[in-house]
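Engineer: The chain contents come next:
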Amino acid sequence: MKEEIYERLNKVFRDIFDDEEIIVKPETTANDIEDWDSLEHINLIVAIEQEFGMKFNMNEVTTMKNVGEMVDIIIAKTR
Amino acid sequence: MNLISIAFLVFCAVTLITYFIIPKKFQWIVLLLSSIIFLFYNNLSIFTVVQALLVLIPSYFLGRKIEGNSNTKKGKRFLILGIIIIVGQLICYKYINIFIESANLICELLHSDRKFALIENSALIGISYYSLIMISYLIDIYRGTCKSQKNIFKCALFMSYFPILTSGPFIKYKDVENDLYGEHKFNYDRALKGFIRILWGVFKILVISQRLGMYVDVVYSKLTIFSGIYTILAVLAFPLQLYTNFSGSIDVIMGISEILGIKLPENFNLPFFSKTITEFWRRWHITLGVWLKDYIFYPLLKSDDMQELNKKCKKKFGKKVAKKIPLYASMLVMWIIIGVWHGGAYTYIIGSGILQFIFMVLEDLLAPVATKVNSKLGIKEDVFSYKLYQVIRTYLLFAFAMIFFRAESIEQALFIIAHCFVWNLNIMLDEEFYYVMPKIIGLDRYDVRVLIIALVVLFIVQLLARKGDVREKFLKQNIVFRWGVLYALMFAIIIFGCYGEGYDATAFIYREF
Chain A
1 MKEEIYERLN KVFRDIFDDE EIIVKPETTA NDIEDWDSLE HINLIVAIEQ EFGMKFNMNE
61 VTTMKNVGEM VDIIIAKTR
Chain B
1 MNLISIAFLV FCAVTLITYF IIPKKFQWIV LLLSSIIFLF YNNLSIFTVV QALLVLIPSY
61 FLGRKIEGNS NTKKGKRFLI LGIIIIVGQL ICYKYINIFI ESANLICELL HSDRKFALIE
121 NSALIGISYY SLIMISYLID IYRGTCKSQK NIFKCALFMS YFPILTSGPF IKYKDVENDL
181 YGEHKFNYDR ALKGFIRILW GVFKILVISQ RLGMYVDVVY SKLTIFSGIY TILAVLAFPL
241 QLYTNFSGSI DVIMGISEIL GIKLPENFNL PFFSKTITEF WRRWHITLGV WLKDYIFYPL
301 LKSDDMQELN KKCKKKFGKK VAKKIPLYAS MLVMWIIIGV WHGGAYTYII GSGILQFIFM
361 VLEDLLAPVA TKVNSKLGIK EDVFSYKLYQ VIRTYLLFAF AMIFFRAESI EQALFIIAHC
421 FVWNLNIMLD EEFYYVMPKI IGLDRYDVRV LIIALVVLFI VQLLARKGDV REKFLKQNIV
481 FRWGVLYALM FAIIIFGCYG EGYDATAFIY REF
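Line by line, the protein sequences are chains A and B.
Everything in the first sequence is counted per my numbering, starting at 1 for the first residue and increasing by one.
Everything in the second sequence is counted per my numbering, starting at 1 for the first residue and increasing by one.
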């Protein structure tokens, strides 16, 4: 299941950051992707919400530290 | 009580001694009592207490109510009520004049003679800070980020923790909870580090900021006398004055808190090394930026209305443009709020609001164009000279916006800008200039020399800070060097500290906000 989520996340990340090379890992953070700043963060969040048909709450939006935590939330909410 | 005054020194000494000698479980009570005394002493009015209670009591009870109703409709109703109460009293006390000014402006536009008198600013020290802190407290409970505080007196301490009442930084309940109510042993290393930070802050304020301030104040108060190079120098000096004053007071605050064992979030990260205005605001008044991002910018961008706008724009203009429109709309709202928070006058809304917004949008739009042009012209972007150009450009843009921030009115700001473009550099060749000028601007050659040396010291320390914690490195040095530098710093403050005549050496530019 996790691999499938990462595959779908790669698609969303590539689309948002216009970079076909992106491959996200659990330890990927905003520091690893050049354009991932606070402005782009919300666009990414909204795109992920649409892709997976779920909603992050604001606490999760502001506190998640890396892609791994993001995936844990997605799994918990789409179960 | 100003941060740099004998009264504050005595106050801190008494607080620190009491804090470390009484049983540790009562330490937080000492902090609470000190905070109440600090608030009361600063405002000397019973309204201080009433005002603070008006925020504390609803926040406390609503916090308790929200806790069981995180992320529910019921919880949201309590949250909204809390925000309305806090924002309402903040507006009443602080921003009433901007409404009166707006009404007067409308009357003027309608050619009516009616004029409403401005109300004496009754805003209290600390109110901007504790209001925003309590809003974040309620929102965090609603979001489930933290639990509410069961003890109303502990809640009162979180709201009024005295070091942060004059100029921040903004704290979040979750981040300080353990430190604030925890038990702290006296720790020599920590106290020494705190003491160094306090000294450095005082140095920045008394040796640098006050001197720059004397010059800036003279130019801004006698606008018709000065033009050309004098005005330009004042415009360029003001951001540095503001920075050394504001970050200096933050150093004093952080130092005191460090000695107490309470870790506060950093508010500055070498802002003048920023290559863009966007980066600048990530490094300047960081905790205000984080507050706005977490509680206004993100919720706004993520709101259904903005997403709807995004969808509509996508159909009309395509994906790339569609992404920008809700972003810019949210940014505009946020920057207007920053301007309003900074004081509410139109000069603030333009200087620390709308102009910053315009710069950031232009940067965002022009960055790809600039990259293309540079690559065509063969200009390398990844070299020192280009980065230096970007850093200088950012400083100049910020200095330009700060003309509005510093000026008393928009007309005055425009007047200053116009008077920058007067050629009078040749005056500096005139011998007489050097005898007359010190008398007018209040800074003689000695002051200018001290200022230049102090600025060089500041620059070197900042360069070192880019490579890691300067105090850590400092404490690893030999004892002779360590105490030599500490004494030098202390004597520099005593000898070169600027306590100029008629100049309130302790008036913090930022404490009004």
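Don't read these hints as lab results, they were simulated from the structure.
Here the structure is a predicted model, which means the values were calculated and not measured.
For every residue, glycine included, the Cβ atom is placed at its ideal position computed from N, Cα and C.
Don't take every hint at face value.
Said to hold, decoys possible - Sample of chain A residues facing chain B (criterion: CB under 8 Å; computed from the structure):
1) M1
2) I5
3) S38
4) N59
5) T63
Engineer: Now, for every hint given, state plainly whether the structure supports it.
Structural biologist: Hint check results:
1. M1: violated, 25 Å
2. I5: violated, 21 Å
3. S38: holds, 6 Å
4. N59: Since chain B brings a Cβ to about 4 Å from N59/A, closer than 8 Å, the hint holds.
5. T63: holds, 7 Å
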